[in-house]
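Colleague: As a plain string of letters, each chain reads:
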Amino acid sequence: MSQPMVSRGFRGRQRSVEANLPPGQYLTNDFPVLSAGPTPRTQLAKWDFTIVGTTLVQPKRWTWDEFQALPRVTIQADIHCVTRWSKLGTRWEGVALDTLLARVQHQARFVIAYCDGGYSTNLPLNEVLGGKAWVVDSYEGAPLAPEHGGPARLLVPHRYFWKSTKWVRGLELSVDDRPGFWESLGYHNDGDPWREQRYQGD
Amino acid sequence: MDASRRLDGNAAAGLLREIFCWEMTSAAVTCGNCGATNAVGALIIYASPMGTVLRCPACEQPLVRVVRTSNDYWLDISGARCIQVTPDTAAT
Amino acid sequence: MANRLVSPIVWQRATVIETVRETPQARSLMLALPHWQRHRAGQHVEVRLTVEDGYQAQRSYSIASPPEAPYLMLTVERIAEGEVSPYLVDVVQEGDQLEVRGPIGGYFTWQASQSGPLLLVAGGSGIVPLMAMARHHALAGSTTPAHLLYSARQVDNIIYHAELEQLATEDQAFAVFYTLTRGAPPGWAGFQRRIDLDMLEDVGWPPAQHPLIYICGPTPLVEAVATMALHLGHAQGRIKTERFGPTGGS
Ligand SMILES: Cc1cc2nc3c(=O)[nH]c(=O)nc-3n(C[C@H](O)[C@H](O)[C@H](O)COP(=O)(O)OP(=O)(O)OC[C@H]3O[C@@H](n4cnc5c(N)ncnc54)[C@H](O)[C@@H]3O)c2cc1C
Ligand SMILES: [Zn+2]
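Protein chains in written order, with our numbering: chain A, 1 to 202; chain B, 1001 to 1092; chain C, 2001 to 2250.
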């Protein structure tokens, strides 16, 4: 009874599996909107980005204009969502976490990104330094839309896409790791798509 | 656009019934943030394939979060102050 | 009884015993289940489809049949580009099997024993669970006055049109009002606009009568009508909603 039964003639949404994708992923050309809550709409005049943490010598804060004046880079990356879709060659623009973190002195080993809407995600510091993570505010040449995380989101393409949290507002630098919104609810702490780390224990 | 993805807590009835032995959408849940009490069926869901988050209709605080992983259910009810379940044999 | 022991969350193999084309976009499926527990009008089931490679899709569908019916009826409206609804509307045939579980949901339900006049508001396929209530109302011989306000795009999109007309004639306590949002045929006597405050006030019951209000359909319609009902002074606790999501045209 609990064995699923194949449904005659049902094919499901088109799923093309490609050799160059992480295991269990399929290619999509859309950009599915995923979120488990309302879309926050923060005015740019009220937006800021902060870096805080107990080991910080001096917390740091940028207004939107100050953030815009930071050195910017263009990133081309493949993104992999834990719900199994992947999208290749997406283009983003923003500020590297290297650039942001170079402006604070600390002794932390983990970053917790916090966001509007109550989300958070955690990453080891060595996974976001060395040109591996960015705060992006532009997608395919246009300002990042609110549904996709605008004004700014994290971009950590070598991890499942939930770690690229939308609506990011700051980083907490921490001595201890602290699971984020999804990591505390059964999703894998590291979320490496190439090792198919979807859920805890994977 | 994203507002049109809202569903009622009632849409999570099947999932909740996998975890609880009673029909849960008629249970009353009190929000730990604003104190509003609503039927679980009247909470707000934003359909997401990552997991089901049932929010307070008054303040949008997550009251119940459920993720189904390969082998387990992960259930977080820390946003709720209290859940009152009335066993109802006819609706189980 | 054996079916008492079968939990509503167990997947059962339902057999499609009959299909009925309701509108160009919608079709009803009559299902026979090995173990069916009497449901309540307004409840839904979940349907799970599986591809050979193991891929699965699962969706909710309201029950259209009244608790008194010996079979289970679902009515599905085709959503362009949808994954599941085009399959259920166009591909499934009599004799096919579907995995189904239910009945599910104790919140959006109505029983003839409940007090207060009834206002049902449907947009598009949101008529489905309200039809179960209307059928139950008639079959249970309820004398509770009930009004149905049904918003559809065009006259061809009205699901169960003939049966609704018949219910309105035969069930003394039941009346139906239509509104068409994308043009009406010549001689159309119903409304011809989106549901608004005036229409809701016209068709509904004064708040002093404490009506029970059930609103179902695409999320934007449900939210708009629920807001209007609150504005007219109806109590939050008397208004029940069932949002179908972005789809389900009205
Ligand atoms: C409790 C409940 C009862 C229901 N009862 C019925 C019923 O009786 N009859 C009925 O016909 N339907 C009913 N529905 C709706 C049904 O469950 C499906 O949602 C519907 O059939 C569409 O499924 P699909 O797989 O065809 O479409 P999907 O493939 O899920 O998507 C359909 C379309 O909607 C849009 N869409 C979907 N998700 C998003 C998103 N996140 N953001 C933007 N656009 C999106 C897409 O553009 C897509 O083209 C009910 C829903 C609920 C929650
Ligand atoms: Zn609240």
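There could be a bad hint or two in this list.
Restraint-style ranges between C-beta atoms, simulated for each label pair [said to hold, decoys possible]:
#1 C:Pro2220 - B:Gly1035: 25 to 35 Å
#2 A:Gly201 - B:Glu1018: 53 to 63 Å
#3 C:Ala2173 - A:Gly201: 52 to 62 Å
#4 C:Arg2038 - A:Val17: 52 to 62 Å
#5 C:Gln2093 - B:Gly1035: 45 to 55 Å
#6 B:Val1085 - A:Pro71: 50 to 60 Å
#7 A:Gln3 - C:Gln2172: 48 to 58 Å
#8 B:Asp1072 - A:Val6: 55 to 65 Å
Honestly, the hints are just simulated from the structure, not real lab data. We put the CB at the ideal spot given by N, CA and C, even for glycine.
Colleague: It remains to establish, for every hint, whether it holds in the given structure.
Modeller: Each hint tested on the structure:
no.: 1; hint: C:Pro2220 - B:Gly1035: 25 to 35 Å; result: 29 Å, holds
no.: 2; hint: A:Gly201 - B:Glu1018: 53 to 63 Å; result: 20 Å, violated
no.: 3; hint: C:Ala2173 - A:Gly201: 52 to 62 Å; result: 57 Å, holds
no.: 4; hint: C:Arg2038 - A:Val17: 52 to 62 Å; result: 44 Å, violated
no.: 5; hint: C:Gln2093 - B:Gly1035: 45 to 55 Å; result: 53 Å, holds
no.: 6; hint: B:Val1085 - A:Pro71: 50 to 60 Å; result: 56 Å, holds
no.: 7; hint: A:Gln3 - C:Gln2172: 48 to 58 Å; result: 50 Å, holds
no.: 8; hint: B:Asp1072 - A:Val6: 55 to 65 Å; result: 26 Å, violated
Hint check: violations occur at hints 2, 4 and 8; the rest are consistent with the structure.
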